Every structure is written in structure tokens, then in C-alpha cells.
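Engineer: The residues making up each chain are set out below.
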Amino acid sequence: MDTKRREFLKRALVTSVALGAYPTLSLLTPPPSANAQTLVKANEIIKGKAPGLIVHNAKAGVMETPLSLLRKYYHTPKEILFVRNHFPITGSRYATLKPIIDDKWTVRIGGLVGRPGEITVGDLKKMEQVEVTAVLQCSGNGRAFYAKRAKTPGTQWKIGGMGNVTWKGVRLKDVFKALSIEMDPEANYLTANGKDRPLTPRGSDFVHSVPLHDVLNKAILALEMNGEPIPAVHGGPVRLVIPGYYGTMQIKWLTDLSITDRETPSRFQQRAYRNPIFPVEPGTMTPRDFNRFNSRPNWGMKIKSVIFYPLNGETIEAGMYKIKGVAWNDGLVPVKEVYVSLDKGREWIKAKIVKSEGLYAWYLWEAEVELEKGRREIWARAFDAWGRGQPLKGVDRWNPKGYEWNGVHKVTVEVV
Amino acid sequence: MKKGLSALALVIFLTGVCMAGPLPPGPGADLVYSKCQTCHGLNYVVESKGISKRQWESTIEEMEGYGLQVTPEEKEKIIQYLSSYMGPNPPPAVAEKSPEKLNGSKLFQTNCASCHQENGKGITGLFPPLAGNPYLFKDEYPVLVVLFGLAGPIKVQGKEFKNSMPSFSHLSNEEIAAIINYIRKAWGNEKFFKKEVTPQEVAKYRGKKLTEEKVHEYREKK
Numbered sequence: 000m001d002t003k004r005r006e007f008l009k010r011a012l013v014t015s016v017a018l019g020a021y022p023t024l025s026l027l028t029p030p031p032s033a034n035a036q037t038l039v040k041a042n043e044i045i046k047g048k049a050p051g052l053i054v055h056n057a058k059a060g061v062m063e064t065p066l067s068l069l070r071k072y073y074h075t076p077k078e079i080l081f082v083r084n085h086f087p088i089t090g091s092r093y094a095t096l097k098p099i100i101d102d103k104w105t106v107r108i109g110g111l112v113g114r115p116g117e118i119t120v121g122d123l124k125k126m127e128q129v130e131v132t133a134v135l136q137c138s139g140n141g142r143a144f145y146a147k148r149a150k151t152p153g154t155q156w157k158i159g160g161m162g163n164v165t166w167k168g169v170r171l172k173d174v175f176k177a178l179s180i181e182m183d184p185e186a187n188y189l190t191a192n193g194k195d196r197p198l199t200p201r202g203s204d205f206v207h208s209v210p211l212h213d214v215l216n217k218a219i220l221a222l223e224m225n226g227e228p229i230p231a232v233h234g235g236p237v238r239l240v241i242p243g244y245y246g247t248m249q250i251k252w253l254t255d256l257s258i259t260d261r262e263t264p265s266r267f268q269q270r271a272y273r274n275p276i277f278p279v280e281p282g283t284m285t286p287r288d289f290n291r292f293n294s295r296p297n298w299g300m301k302i303k304s305v306i307f308y309p310l311n312g313e314t315i316e317a318g319m320y321k322i323k324g325v326a327w328n329d330g331l332v333p334v335k336e337v338y339v340s341l342d343k344g345r346e347w348i349k350a351k352i353v354k355s356e357g358l359y360a361w362y363l364w365e366a367e368v369e370l371e372k373g374r375r376e377i378w379a380r381a382f383d384a385w386g387r388g389q390p391l392k393g394v395d396r397w398n399p400k401g402y403e404w405n406g407v408h409k410v411t412v413e414v415v
Numbered sequence: 000m001k002k003g004l005s006a007l008a009l010v011i012f013l014t015g016v017c018m019a020g021p022l023p024p025g026p027g028a029d030l031v032y033s034k035c036q037t038c039h040g041l042n043y044v045v046e047s048k049g050i051s052k053r054q055w056e057s058t059i060e061e062m063e064g065y066g067l068q069v070t071p072e073e074k075e076k077i078i079q080y081l082s083s084y085m086g087p088n089p090p091p092a093v094a095e096k097s098p099e100k101l102n103g104s105k106l107f108q109t110n111c112a113s114c115h116q117e118n119g120k121g122i123t124g125l126f127p128p129l130a131g132n133p134y135l136f137k138d139e140y141p142v143l144v145v146l147f148g149l150a151g152p153i154k155v156q157g158k159e160f161k162n163s164m165p166s167f168s169h170l171s172n173e174e175i176a177a178i179i180n181y182i183r184k185a186w187g188n189e190k191f192f193k194k195e196v197t198p199q200e201v202a203k204y205r206g207k208k209l210t211e212e213k214v215h216e217y218r219e220k221k
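Residue numbers (numbering that gives the first Met the number 0), protein chains in the order written: chain V, 0 to 415; chain P, 0 to 221.
Read the hints as simulated data drawn from the structure, not as lab findings. Hints should not be assumed to be uniformly reliable.
Stated by the list, open to error - Far from chain P, some chain V residues (derived; all Cβ distances over 12 Å):
1. P50
2. G51
3. D101
4. E127
5. Q128
6. R142
7. R170
8. D213
9. V332
10. P333
11. E356
12. F382
13. A384
Unchecked claim - Heads up, incomplete: computed chain P residues facing chain V, CB under 8 Å, no partners named:
14. G40
15. N42
16. E46
17. S51
18. R53
19. E60
20. G66
21. I122
22. A150
To be verified - Computed footprint of chain P on chain V; a stretch qualifies when at least three of its residues, placed anywhere within it, have a C-beta under 8 Å from a C-beta of chain P:
23. 130 to 137
24. 149 to 157
Remember, it's a predicted structure, so these values are computed and weren't measured experimentally. Built from N, CA and C at the ideal position, the CB exists for glycine as well.
In isolation and in its complexed conformation, chain V is listed as follows:
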């Protein structure tokens, strides 16, 4: 690995410049001196990543895309797509955008089945492929914003823990058909595991369980991202892609699929990536209180919209301005309406949805408005065909681990 550490002063200078260029910097971001590891640039951690990504954890290779970069592309290029891993990857074969080429890589299918099966990447390549453009989002995306009410532990993602990419692969149900997988009719879950392993002898492996029948309808065993073999760090050579689900459930480096009747006991399923099923007050519940009856996993994505133009803190000329952004949901029904407000929610102006590559992808929307001089707050709020919408105050959905933020996006600009 060709990484180079710079002397402290150079690092500090580069970081402060990089931080200064990130428009939505706030008190929530650790100061430059916080950690030698934050001073390491994204491209030094994962070969090929753009240096401007915000590094949350160097050793685990966790990094976020600044909005200024994210908004430039409809299909988020691999160089800037956010990364999240659960075990250290620095120096490993996964710390690169280059693909892992291995046609013998095998996915085993077992559990409550009449007869287990296995399929290689080589076999998958020969089968019928489908493409789906889908939003990939970390369920912790937006966690930083819960701190306004009560801070929650974990990576303090803001907005860039998400992207929009096109996956290509084989439908999961086609794989099951090809292997004549006979499932127990009472089995409820698909439990998936990847090649990554915990570092210490007693830790839980990163394993997730998802609702079997919903997932059978939409999941693919993906081989390509944005038209090329999936970069190693994003889960290649084969990733379980479940459009509409949070990223954590879309197991990277897939090796095992199991038909089960319960969720995996992995702590990553039982203690993390869960939300309470009822509202909780900060201080009354922590993740160790989670069980199967008071909480549910971060499966389908909550409806969300993000303002791309303008950015928070920008200075704009008074007059006509085209507010632009994206919206998405879990893909069960289409996103129907996006509204913007210039007066903190008193009046709402309907935006126009101009593009989407399907139910699971970003819906691009825009609204031409007249901006008057002064400090203005621009809000955006989306609704889907089931009437599901975003809370006016995201903190109202506070939960012990700060997941699934989908509060109305509020951007402050100076209009001159």
C-alpha cells in the first residue's frame, strides 16, 4: 500500500483547509487536532478515493461525501461514494477501488432449505442480469443532527452518508430457482454474512437478517456498480443488494445466505441497527434495552429529501433562484410530492419532480422561487403515495443510536 504520512504541520494545514471548504461545518465536527487518524486523507486509506472525503475513522475506513461533491452527479462515482465498514480494512485487500477478480468466489445457500446449494461468481456472470439504480444510505446518516436534542454515540454523519448508484446482477429469486432451493414455508428471514471477520476471538461477526419474502421480490446478487465490477471496498466481487433498504443490510463480500426463522443473534442485528417501535425520551432507553418486541431493525428507508442547491451557508444574489435537490424512500410506492418553504414552514411551494431512474433511485426535484434579501431558511419536505412524509423536526424521532434521520432539511443562506 502506497500511503504516506505527512508531518504534523502539513497535515494540520491541509485538514484545516479541507474543513474550511466544507460548508456545513459546525461545532459537531471534531477539531483538527482531535485525532492523528482524522488527519489522514481518504485516498491514503482507500486507494482511489477522492482526497476531499470526510474521514470519520481511518482504521475502519469510514468516510462521508461532502455535499458540494455529491450534488455534481446523478450516479455517484466510486471515487466519492461514502464508505462504511465494521472491521479494520487499512492495509487489507479491501482498501481499494480496484475490483477483486475471482470467478470461483462462492456464495453458499443453506438454513431451512430442503437441500443447500452454492453458486460461484463465474456462474452468476452467465445468468440473466438486471440493472437497478438505487440509493445507498447508511442508517446512521444524519445522526449528527439528533445532537440538537441529545447526542447519540456513533459516527456523526451529516448528509453525505449516501449516494445513488446503478447495480447490475442476478435476481435473488432467479438464483434460488436455478439452484432449486426449496424453502421452509414458515421461514421468515434471509440471513446474510460476508467475508469480513471480527478481529478478536469473541466478537460477533457482522451478520444481518432481513424479511425473506419482501427481499426475495427485489434483491439482487450484484456484480457491477455503475457499469464496472464492484470496487473491493464497496463489497465486490458479489454484494447482496436490496434496493430500498439501508446500506447496513446490503452485506458486502457475500459468502453465505441462510433461510432462517429468527433474526441472527449477531450483536450487529440485536444491539445495533435497531429503532424502538415507540417514541422514547433521551435517557430512558439504551441499545442494551433492545429486544425483539420493543424494537425493529433498520430495514426499509424512511422517506427523505435533501437540498443540493443551495448549500448551507452560501451567499446568493436576490432574485429568481432554482432550488434543486433529491428525494427518495423505500421504493414500496413512488415519492409523489416535494415542497419547499422559504418562511419556516408557513407556506409551502410545490416543487417539480424532474427525473428518476425508478422507484429506488434519487428523484431529482426543483423549484424556482424568488429570494428576497436577508438571511433566509430554505426547507424541503417530501411525501409519497402512501402519505408518508418527513417530520418537521427530525429530533422528534430521537432514538438511542441516532438512526434513520429524515427530518425536513433546512438550509440557511445569506441573500444579498
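Fit chain P to the supplied structure of chain V, relying on the hints for placement.
Structural biologist: What follows is chain P alone, placed relative to chain V:
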């Protein structure tokens, strides 16, 4: 006023001298350094600064589920540190001043044993052994490893290790010298022992400002 200013100056001075790492110094900080960098960098801890004691307790329990191994005493000390210094009302950072500080064996227990184990045997495939490890005597190599970390595959006694060791540069020159001198004489290593490392030598090597990869290069150099 004068007293307050010189106390403040002392704190700032100590913080500058003792704090090469991201955590504010305080009792238990060394445990956090040694226990919480195996699987991820310390920025996770720093980013979560401000959460309550209950949230820190829950977080440490979660980490135990992911593989963190701590004794109940260590766990209590870690939670005590995190809930005060990384809690909603952190006290002013004060360097720990315990007399046990320069006991090489105790320092090894606190900082190194969680990976390299109390008996110096490490864990196969994860953490290399120090007992009978000839590289401990390759000039200043062990000092460099402690100061700057080590990245890259290595072979010890014929077994391969593909992990990485974080830097412990937050330890003082005296502490590092004490630890090196301890491991060079423990578990039967004393038959290879030649001479002690001094804090001044550690200070000299600290100035080299190497990287995890450069230390690996030095190791593999014949």
C-alpha cells in the same frame, strides 16, 4: 489570580508534553488507548464526546459484544474516564500522577497485555508473541513500533500476522523505556538481554517521525 494562571500554565504545559494522542489526559485514558484501537481508530470515541454515562456504559457493553475484552475493573475505569472526560461536563484535563507509572510490568499490563497477553504469547493469527521474539532485540526496532505503530504482514517464529499495531506515542519516553526494558527481560527473554533503553534514546527516536509502513520497512531490512 497569579496562582490560577500558573496552575493553568502547568495544565497547558502538561497537556502539551503528555498529550500526543487525541484523548484528554486523565485517569483511565491509557486503558482507552490500549483497549479501544484494536478494531477502529479513536475518532469514534472522540466523535461521541458529550454523551451521558449511561450511554457510555451501553456503548462499552455493545463493544463487548463486538469483541472488546476487559476485566470488570478495567471496564469500570474506562467508563469512569469516558463519562467524565468525554461526557457532557468534562473536567479540566490533568495528567495522571501515579507513582506506579514507571513500573514496566504494570505499564505492560495496562497498555499491551490486552493484545499481546499477560504471558507475552500473543494470539495466533492476531497478535504476535513477545516471548522469545528475536525482533525485540533488533536495535531500536521495538521502540519504533511502540512510537509509530506497525503495518504490513510480518512473520514471527514462522507464523504470519497480517494485523496492524496502532501507535502508542501518547506514552512518555520514560514509560516507553520502562515497557521495552520489561519485555526484554520477561518470559525467558532475559537470556538475549544486552542493555537497557533510556528515555533519552526514546526521545531521539520519537524525533524521527516515522510511519507504520516505514517501521515495517525497517523491520524487513536485513
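Engineer: So which of those numbered hints doesn't the model satisfy?
Structural biologist: Going through the list in order, the structure violates hints 6 and 23 and respects the others.
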